[in-house]
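*Asks:* Here is how the chains run, residue by residue.
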Amino acid sequence: MTNWLKRNQKNGSFLAAPTVVWLLIFFVLPLVIVLVVSFMSRGRGGVAELPFTLAHYERSFGIFSIILWRSIGLAALTTVVCLIVGYPLAFFISTRRRRLAQQVTLFLVILPFWTNFLIRTYAWRILLGDEGTINGFLIGLGLISEPLSLLNTQFAVLIGLVYGFLPFMVLPIFASVERFNFRYVDAAHDLGANDMRTFLRVVLPLTMPGVLAGCALVFIPSVGAFVTPDLLGGTKGLMIGNLINNQFGGSGNMPLGSALSIVMMAVVMLSLLVYVFANRRDTGA
Amino acid sequence: MPSYDVELKDIVKDFESGGGSVRAVDHVSVEIADGEFFALLGPSGCGKTTTLRLIAGFEQPTAGHILIRGRAMEGIPAYHRPVNTVFQDYALFPHLTVEQNIMFGLQMEGVHKREALKLAGESLEMVRLPGVGERKPHQLSGGQQQRVALARALVKQPAVLLLDEPLGALDLKLRKNMQYELKALQRDVGITFIYVTHDQEEAITMADRIAVMNEGVMLQVGTPKEIYEHPQTHFVADFIGETNFIAGALIERGADGYGSVRLQDGSVIRAQLSETLGGSAGAVTVAIRPERIGISTIPKALEGGTNPSEITMLEALLVDSQYIGTDTRFTLRIGESIELVARLQNVNEREHAALRIGQKVKVFWQDSSTTVLDR
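Chains as they are written, first to last, in this note's numbering: chain Z, 1 to 285; chain E, 286 to 660.
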């Protein structure tokens, strides 16, 4: 048995066969269908029909470009805020000397996953609403007389996204800082670098793999998010995910939805390319 | 007035650990002269590396003062101290090339890039490693990384270079070569070296002076010769080289620095008292190096010029002999319970061959080769 496995170690590509078949049927094929549909016309009930047309792409980059850019902008902002909040947090966790302190803080980061994402997002509606906890508190203190409109804004979407995706930033950075040898900090200090320069020239570059992975893990799902903007964003916070979602409903437009999906995938692919490029340059490979 | 590069004044360093505190450095005071090669020697956990880190500024002393070139170092962070460190694991920045590693410290001083490049090239030549500037540290061997670490520290022209077991990770042969090279380099650049090691041979061959540390205490400071020939404590005698320890009782203290010690077999010998010997007479240990002991089958006259009253000669039984290359190692018994080891160089093998196990012999040594220590 082991000999058989050894012999087939090098040319054992058939081991990947189940995965390849699965991906062909459930990933590549649907993708091709979406691609084809995106070039077709809208028929009755929103389904696709001939002839082929570029109209949906024109609309995607035309009238809907504002939503596309808003999605990219909100996702980028989410990534930046997650990074600013997450990096120090990850650093704090991984530099705890006591094992227990580290495990407890790490556990607290992961704890929200124990509750359904939908429920947690609804909780933000209660916090941010006009008669919600935050407004109630501020009015109760007499700091404001009219409730602040927090819900159904892009700000609310940003808060929801940062809240939802922060762990995805913290965990890879944590792993990177854990691997970081703090002797390098001594070495940098020894060579005359103050704390700021030590961080910028030594700590940050050496933990960059974690930063890049975290950014990719936050940015990519943020671009396509639709639950968070749906519940917290209202019409002002509409994102491309909601737009796509709407096209596949009752009076939707499947070809338009397909075209928007393809555009969104292109954005994600581009950001992944940036990630791969940055990572390669960083590791010096 | 002697000029000191580094002065430690009654340094104490405690580390918090699990509610209690551990004293890593215990009232250490020492002065290190300009241009000196100074070794901190001791077993692992003796506080030598902590002492080095205190000088570097990576740790702050719990009490006491550190002066570098006469300037108090309180509140001065590591990056403003005129010292540089060669770390045990080199700590070369893995994301930078060799050249960028060496230029790092210069750029922090604001040296212009072109000038820094030139200096980096020169320092690579100084450590005899030209042409590797473009490479990453992981592409170099351990010995080469060690040289880069040295170049990176020396290019800053520090007042003091701190070396934390820099040769510890190298194999034996490379380590021997680097010992000579380091020593030569130190002579050339004239920078004060403070060198941490647990290897007594390394310390003895390289250092101008050695400080032996144990459990945070600096037990003895002196030239390699002083440390080896006249250890002031049992620990120092035991840690450095091989030593015979003979138990006895001090029965008389002479004014000349010598005393009379009664051994367990009843014989009384004259031996040199250590400076740190406790006040009252009582149980002591006489330390003597194996190579200082002579063996003879006939009580012939000893080398000319030596006053016989300064020689101790005792009857002994030859118990064992062991050939160890350059030397032969003889185990001898005096009386019932005193065992001694003597080492004789293998220059006159016929004489050694005449010594047979089970034979009665005379052992002798000069009284000045002994040291009486507290037990």
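FYI, nobody ran anything at the bench for these hints, they're computed from the structure.
Predicted model only: the values in this text are computed from it and were never measured.
Using N, Cα and C, we set each Cβ at its ideal position, and we do this for glycine too.
Possibly wrong hints are sitting among the right ones.
Said to hold, decoys possible - Label pairs and their in silico Cβ distance ranges:
id, chain 1, residue 1, chain 2, residue 2, range
1, E, Pro379, Z, Val85, 23 to 29 Å
2, E, Gly428, Z, Val85, 32 to 38 Å
3, Z, Met196, E, Gly428, 49 to 55 Å
4, E, Lys294, Z, Thr133, 56 to 62 Å
5, E, Val307, Z, Ile84, 37 to 43 Å
6, Z, Ile84, E, Phe300, 57 to 63 Å
7, Z, Pro88, E, Glu486, 25 to 31 Å
8, E, Glu486, Z, Thr19, 55 to 61 Å
9, Z, Val32, E, His423, 40 to 46 Å
*Asks:* Hints first: check each against the structure and report whether it holds.
*Replies:* Results for each hint:
no., hint, verdict
1, Pro379/E / Val85/Z: 23 to 29 Å, "holds (28 Å)"
2, Gly428/E / Val85/Z: 32 to 38 Å, "violated (45 Å)"
3, Met196/Z / Gly428/E: 49 to 55 Å, "violated (34 Å)"
4, Lys294/E / Thr133/Z: 56 to 62 Å, "holds (60 Å)"
5, Val307/E / Ile84/Z: 37 to 43 Å, "holds (38 Å)"
6, Ile84/Z / Phe300/E: 57 to 63 Å, "violated (34 Å)"
7, Pro88/Z / Glu486/E: 25 to 31 Å, "violated (48 Å)"
8, Glu486/E / Thr19/Z: 55 to 61 Å, "holds (60 Å)"
9, Val32/Z / His423/E: 40 to 46 Å, "holds (44 Å)"
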